[in-house]
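Participant: Each protein sequence line maps, in turn, to chains A and B. No gaps in the numbering here: position 122 of the first sequence is 122 in my numbering, and each next residue is one more. In my numbering, each residue's number is its place in the second sequence (first place is 1) plus 1000.
Careful: at least some of the hints might be erroneous.
[Unchecked claim] Derived, one-sided and incomplete: chain B residues facing chain A with beta-carbon distance under 8 Å:
(1) Tyr1075
(2) Ser1123
(3) Val1132
(4) Glu1136
(5) Val1157
(6) Gly1159
(7) Gly1173
(8) Leu1174
(9) Leu1179
(10) Thr1181
(11) Val1190
Rather than coming from a laboratory, the hints here were simulated on the basis of the structure. For each residue, glycine too, the CB sits at the ideal point set by N, CA and C.
Protein chains: 2
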Amino acid sequence: MGGVSTADRAERVPKQDRSRATRQRLLEAAVSCLAEHGWAGSTVSVVAERAGVSRGAAQHHFPTREDLFTAAVEYVAEERSTALRALFPEGAADDRHAVVAALVDLYTGPLFRAALHLWVAASNEEQLRPRVTELESRVGRETHRIAVDLLAADESVPGVREAVQGLLDMARGLGLANLLTDDAARRERVVTQWAGLLEETLGRGR
Amino acid sequence: MGGVSTADRAERVPKQDRSRATRQRLLEAAVSCLAEHGWAGSTVSVVAERAGVSRGAAQHHFPTREDLFTAAVEYVAEERSTALRALFPEGAADDRHAVVAALVDLYTGPLFRAALHLWVAASNEEQLRPRVTELESRVGRETHRIAVDLLAADESVPGVREAVQGLLDMARGLGLANLLTDDAARRERVVTQWAGLLEETLGRGR
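Starting from the given sequences, assemble the full structure and let the hints guide the process.
Facilitator: So, in structure tokens, the structure goes:
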């Protein structure tokens, strides 16, 4: 490391940037591929072609199909967490209904679809299962942490932790209900009602 | 029809019984197959073998793969609805927590797994999608009706309908959370908390 000249370094940075950009294109292509075609239709070759990357370059970044798709779901989940926090830059928001609606939104759209395909495939494929279980629990903990922060939920109050968990379970169920039909109108009514019930529990802790 | 002798009729009844029993064996085998191996691993041949029925007999009952698996999920969903009503023979139960727990139980176990595989496959397969969407909405309406009856929920009170819907969405999300890991202990705590919140909403309507 000490022997690397300034000129070498200047050349290397753009190469690293290119490599990072390629990786990112692959991850984003993997998520849309999984969301649209499911696990059975998602291979490294299909994703490489979609991302405009050679199969060799794709395998350099992700040696196996499992590497690519778990990394992809994790990457997009992180992007979503960042975007969710950015929606409420002050941290805890006064409008809890808006927070609940934004949390529920995490479970509609292509990331949820992709994650769902991955979970369901993992339930039958022993190769995939431990990695997806681990990923799922990591993403779940992070989502819970964000929900607690944005809702200003005081988890030392009995029942508050379970109320927040139940909210995220409901959000996941609403995502599933939206898989085959556009369920937005019903979802909005359910969210309004449950945000009110949650407010009653959390209000006590404020 | 008028020309059928009593002797003919006596012979035909057991034949119909046998046919009904074969159909039922196929439907039950189809659900376990779907739950264990997913859509990609579930074909009419695999199910016929599992049920100990010839492929020809299976195709006589269910000409296509779509026929077999949608009929299977519907059949088991009906069996479950009947079993759920039988748990509370008096209709509306005093113990709402017990009703909520029983409703949530509908979303763990092999029927939910099988239905989940079918939904996810239908989201990518145009041949399957309209049938599964129609089935899903029929089963969803029936589950909602049972929930309203057993919870003695008065849907003319504002918010009650949405609270019951949200409960079933949460149950679905809890089922999904249970797909890869045994989530029973956490689920029990969430159910207790939300059954309490639901009681507050429904209590007003009693």
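Participant: Next, verify each hint and record whether it holds.
Facilitator: Each hint, compared with the structure:
1. Tyr1075: With a closest approach of 20 Å, the Tyr1075/B hint is violated.
2. Ser1123: Status holds, d = 5 Å.
3. Val1132: This hint holds: Val1132/B lies near chain A, its Cβ roughly 6 Å from the closest one there, short of 8 Å.
4. Glu1136: 6 Å, holds
5. Val1157: Where the cut-off is 8 Å and the nearest Cβ of chain A is about 11 Å from Val1157/B, the hint is violated.
6. Gly1159: Holds. Min distance 5 Å.
7. Gly1173: For Gly1173/B, the interface hint holds, since the closest Cβ of chain A sits about 3 Å away, which is under 8 Å.
8. Leu1174: 5 Å, holds
9. Leu1179: Interface hint status for Leu1179/B: holds (5 Å vs cutoff 8 Å).
10. Thr1181: 6 Å, holds
11. Val1190: 4 Å, holds
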